[in-house]
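Asks: Residue numbers (the working numbering), protein chains in the order written: chain A, -9 to 379; chain B, -9 to 379; chain C, -9 to 379; chain D, -9 to 379.
Please keep in mind that the hints were generated in silico from the structure rather than gathered at the bench. A couple of the hints might just be wrong.
If chains are identical, the list can't say which one is meant, so a pair holds when it fits in one copy or spans any two.
Said to hold, decoys possible - In silico DSSO-like cross-links for lysine-lysine, where the CA-CA straight-line distance does not exceed 30 Å:
| # | residue 1 | residue 2 |
| --- | --- | --- |
| 1 | 177 | 268 |
| 2 | 212 | 374 |
| 3 | 268 | 92 |
Fair warning: this is a prediction, and the values are worked out from it, not measured in the lab.
Number of protein chains: 4
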Amino acid sequence: MAQSGSAQPRRIRLGMVGGGPGAFIGPVHRLAARMDDRYDFVAGAFSSDAERSRQAGILCHIDPARAYPTWQAMVEGERNRPDRIDAVAIVTPNNVHYGPAKAFLEAGVHVICDKPLTMTAAEATDLVQTVRRTGLVFGVTHTYAGYPMVRLAKAMVAAGDLGTIRVIQAEYAQSWLTETIETTGQKQAAWRTDPAQSGGGGCLGDIGTHAYHLAGYVSGLKAEAISAELSTFGEGRRLDDNVSMLLRYEGGARGMLWASQVAVGEINGMRLRVFGSKGGLAWQQEQPNELVFTRHGEPSRVITRGGAASGDSNIYVPRVPAGHPEGYLEAFGQLYADAAEQITAKWEGREPGPTARFLPTVEDGEAGMRFIEAAIASSQQGGKWLSPR
Amino acid sequence: MAQSGSAQPRRIRLGMVGGGPGAFIGPVHRLAARMDDRYDFVAGAFSSDAERSRQAGILCHIDPARAYPTWQAMVEGERNRPDRIDAVAIVTPNNVHYGPAKAFLEAGVHVICDKPLTMTAAEATDLVQTVRRTGLVFGVTHTYAGYPMVRLAKAMVAAGDLGTIRVIQAEYAQSWLTETIETTGQKQAAWRTDPAQSGGGGCLGDIGTHAYHLAGYVSGLKAEAISAELSTFGEGRRLDDNVSMLLRYEGGARGMLWASQVAVGEINGMRLRVFGSKGGLAWQQEQPNELVFTRHGEPSRVITRGGAASGDSNIYVPRVPAGHPEGYLEAFGQLYADAAEQITAKWEGREPGPTARFLPTVEDGEAGMRFIEAAIASSQQGGKWLSPR
Amino acid sequence: MAQSGSAQPRRIRLGMVGGGPGAFIGPVHRLAARMDDRYDFVAGAFSSDAERSRQAGILCHIDPARAYPTWQAMVEGERNRPDRIDAVAIVTPNNVHYGPAKAFLEAGVHVICDKPLTMTAAEATDLVQTVRRTGLVFGVTHTYAGYPMVRLAKAMVAAGDLGTIRVIQAEYAQSWLTETIETTGQKQAAWRTDPAQSGGGGCLGDIGTHAYHLAGYVSGLKAEAISAELSTFGEGRRLDDNVSMLLRYEGGARGMLWASQVAVGEINGMRLRVFGSKGGLAWQQEQPNELVFTRHGEPSRVITRGGAASGDSNIYVPRVPAGHPEGYLEAFGQLYADAAEQITAKWEGREPGPTARFLPTVEDGEAGMRFIEAAIASSQQGGKWLSPR
Amino acid sequence: MAQSGSAQPRRIRLGMVGGGPGAFIGPVHRLAARMDDRYDFVAGAFSSDAERSRQAGILCHIDPARAYPTWQAMVEGERNRPDRIDAVAIVTPNNVHYGPAKAFLEAGVHVICDKPLTMTAAEATDLVQTVRRTGLVFGVTHTYAGYPMVRLAKAMVAAGDLGTIRVIQAEYAQSWLTETIETTGQKQAAWRTDPAQSGGGGCLGDIGTHAYHLAGYVSGLKAEAISAELSTFGEGRRLDDNVSMLLRYEGGARGMLWASQVAVGEINGMRLRVFGSKGGLAWQQEQPNELVFTRHGEPSRVITRGGAASGDSNIYVPRVPAGHPEGYLEAFGQLYADAAEQITAKWEGREPGPTARFLPTVEDGEAGMRFIEAAIASSQQGGKWLSPR
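Bound-form chain A, shown alone (with noise of 0.2 Å):
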């Protein structure tokens, strides 16, 4: 169901930083990219050991030659072959965010890179400004917006469904840090409790980033300030893990935000609801496939992928019929296809197909950092307002 006419495009070729052996989301990236048929995969810098990096690459199937021991050498490498790749995918740890992402889009490739974006939002502002000036192509893995109900809900939103929003909830919950595993030898609890490798924000800024931005990216509203109080309950842990947050958004509407990894009984649980004068959604990432819509004064509507009032082709890529659950594997596959069309409607000089529109964009990433740097400080003095823009 590829979005193009008679004269396939070519494939696009797609290089990796990080995703070496251990590593969790790497192999996600690349099962994503391979989701659609729209990449191939040929290069890579997988690991900061030149020996495991040429161990991921013989696993991956990519010529040798290709398997750097860095990504600079990766930058250098690729520059001036003549299939040199297309874009990279960046999925190490947040302080090999910025570096690399910077390099490659100076190389003219197109970047998709995993969130918080950077370090710090000086960073991030530095690469929306690179990606404006180059022009390149650079989506954020906020996941969650590649599920077809988020998007959905987003465009229900937008055309008024729910009237002027009132109130937006959202939460996620997991609780995999409630022993302090990262003393243990677990990769990656130790670096995503340790700051020098994760920045500021623990909790905050691996899943509480994803809460807000999905709370944003449905409501379509900025938030205008936010108090915050941080907490850390792993005895002896460095960062946080566990955020609350109140938030006044853009309008008027409140809200009120989540974050915890030592919520005992939740695995990953990520919730959305928003309300507003007129109507009302929930959704929840643990059952993807369905998104709750109220009328006011109506019985609730559930509406399932694929189903009845689910929108259409013009959010996300069909691919099974309503009724087969899709996951995450898909919404992030979703995500490299949005980035896939903007790279190939680059090429043959058009617009890309709408559903493209869909994917976080590097001031997604940006807001990101904010929203983390306004969390910390606002925290640090007991949840004094402060804006996240």
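Given chain A, work out where chains B, C and D should sit, using these hints.
Replies: Below, chains B, C and D alone, put in the same frame as chain A:
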């Protein structure tokens, strides 16, 4: 399944203040009192309109001489009867709680009173002192404290099943004030949004207090400080209809509380989640017969009323087997059963049975008033952290 | 919220056969009768043990002279009292339904009787004829017919909201007889698995009849033929504990019915789904306040008791607002309210109010007995299609 | 996370029969094959229209010389290539399964085939024998066998966690054929309701076979006899659209199976419940990441994919952490991973990894055909009990 031996004690003679024609909660109280057959309903001052009070008396099958035109007349009329009432239920708007509660206590009558308890914390404190002085039973109808699964949750926390409590998330969301129906003659809406009858809290007093009580009731923790934001979305509405709040509990636990009456799609969405170092609990009022409990590292368990691991008759009066859903009226009836048990035990000079200890107290009512006042003050001061105690 | 005008009619004087110490359903009947305050409970033959019957009378606060040692004594004792009972509830094991039902009808007493109605279809037919001859009220406690959402479902089908009915899927699954607890002194299990007390159907009679009634009640269709298989998994058990059945309904609809008491994980899982040419409905007893309705080509709607599109007071007695869950006892109470309304209407020479028509009838009880006999015969003949009418 | 050591084996060269423009399942197969990066998609006979086949080849980025006009041409064309396909996916309507399956097997090509396997049981038996003779891998895409929680259920039953199986309830309900859309040009509906393309079973073959397979797959039991009723509600429809069935399993277990394509409100409602003497399991396809397990006498546990007690990589290829929902495509991908593992293991002369044993076999396909024929015969004979073996 009364908690008595061979000689059945007489039923408690019950009167009522409020609950006349058109009222919602008065009939609920009467039904709740009948449920376990421990009360005789014999007297009332049902309305400030004498004729309406008389009519209500007829409908309730009570002696016309005991359908009083005012609560003051009722205090006087009952005082001198040999068969005078043992207990009175006060089911009027908030501004008519303190007066009759105080007067009946002084007349030696046990009291069951709606919440919020009074119009001011000072009045509430006076009732606390009066109760202590008179030694009478005083129950406050935080109905949700009557649900078996809420009591089980409280018992499990107290038994240490969750470890040290870390996070408490409470919410109570409704939609019935989405539009300004108080201007259309809807009686409930009219008094609930009228500061003269409701006091300074709208949504805050009506349902925010329930959520606050439930969080403290189950967790066993007291809030040390709250940072609140009260909002009003109904145009021209005089009291808040949406409440957002951060809470700091004794011992370091953190909480959030949301109450709203403009949340389209929510009907009576009261939910509580409590997370500790070892386990987590989740309960919601609209499916009250289930309690989800998770031990860290194990699958979640769905405990059902009357089913495996659901506790026993030490927490409530079992009326039907597991799987036969109980609801709001049974919870309400449980509070009446608890009050009856406390009163009967006083008559018999014995300790009350174990379920009676779960009845919300006059101190709970006082805490609710302090919560209301602290929340209003915090919101007026831009979310300043204030103690609700 | 009684359905009366200025002069409140007197309460109905109610007696009971069965329901002594240790019984489950007797107290439920008494509570249900109290719920809407239209009955006075005044007499009983609670046990075949005279002393136990006397004790039960004390616990129920009734005149000791009216706590009879046998139901026969009760018929005689009440017959000549000026304040004799108006109605009797029969809550004994199945083998003690027909005798007292017949005798009280002949004595001019209205009857509310548990199901299955009798031990044989012939006895049931005799009761039908007796009811027709005497003109008395006779209600059968298919409790599920008291749930507002079941009544709404019935009304929606009758209104044509589903189009022509095509498929009816009914089930009632429990697990309480997974082990042979009838050998351990569990009283309920003992008589439910004893053919002498329960008749030829075990699970079939106890809960299969409920599912069968519900399917016909909501769909408005009569089964023309059934093909059944009865199984017994409990070792040494004398009656069926699992029932599987195909059904052919008038007009061409097809159905399935499953009833089980050995379904581990099911507590009281009664569910009904009805599908027509234009719409479908789904209801389950463990979440009785919701009815899911789907118009073909539209999203499913979740209709909640008291909420939007939930019908009105023409189908039940509203007691609490939407969102406050009602349960089994309220459904039971509704049947008592319906019977009370029918009785009172007779006294007053008027048509009963609209909700009263929803009370299951003696003809429903007779249909249940024919169903039991047809199912047993079909199973004995290897699933031969037989008429249950 | 490939199951290999230091030298990565080459990818499997995959071809496809069917799956041209407008097809639903062909793209799903291709995506599933890409998912874990163990296949190269290189050849196809996508349509019986040569030009459409050629176009589909372009869209799939395959060598134009390998986009064949017919499957017969594909057998011939591939046979002599040094880089000929290793495996073929057959994704045509049912009447074009047997021919290419047989021919490719004879040409030494592994086969992955849709179900129902053939048009007759005799053809299926011939394929079984051909597979046994050639020693090739043959997978049948009962997709639901690829869900991790289904595999866990199968493993738990096999481990005795449920005790002796007593009752198996399977259903698969959809609504898409509620109206006779086969007369409106809907391609899927047209061939699914055409006996010439689908064989004797409509709903029975399309989804009834899935439910039947799932029940046997998880329970590990074979049905000994079935009593079926096939119905057709769509006016003028030539095949069944609703199937009701009783089943007797080896060892005395009893089952029911319902499949429908006229069940308004159901989208893709496949559900399985298995009950044993010690425990019970419930799974539903629309929420595939959860498996509810109950030990008798304990609360139900909700086991989630990747979470506590969810088994391990011995049952599937973990791709994302717990709480990130997987869906239909991942299940499909798992079947492709299993086939890849079986094929690679043959190349390498080793035992396949442990997940590969979960792939549905040609014998499963044969059992499905016998099921179809037995169900049709049983229905024609008024529900006569017949063996499906």
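Asks: Work down the list of hints and note, for each, if the structure agrees.
Replies: The hints, checked one at a time:
Taking identical chains as interchangeable, the C-alpha atoms of residue 177 and residue 268 lie at most 30 Å apart only when they sit on different chains, with a minimum of 23 Å there against 47 Å within one chain. When the C-alpha separation of residue 212 and residue 374 is checked against a cutoff of 30 Å, the pair qualifies both within a copy, at 18 Å, and between copies, at 24 Å. Neither within a single protomer nor between protomers do residue 268 and residue 92 lie at most 30 Å apart by alpha-carbon distance, with minima of 44 Å and 44 Å respectively.
Going down the numbered hints, you'll see the structure goes against just number 3.
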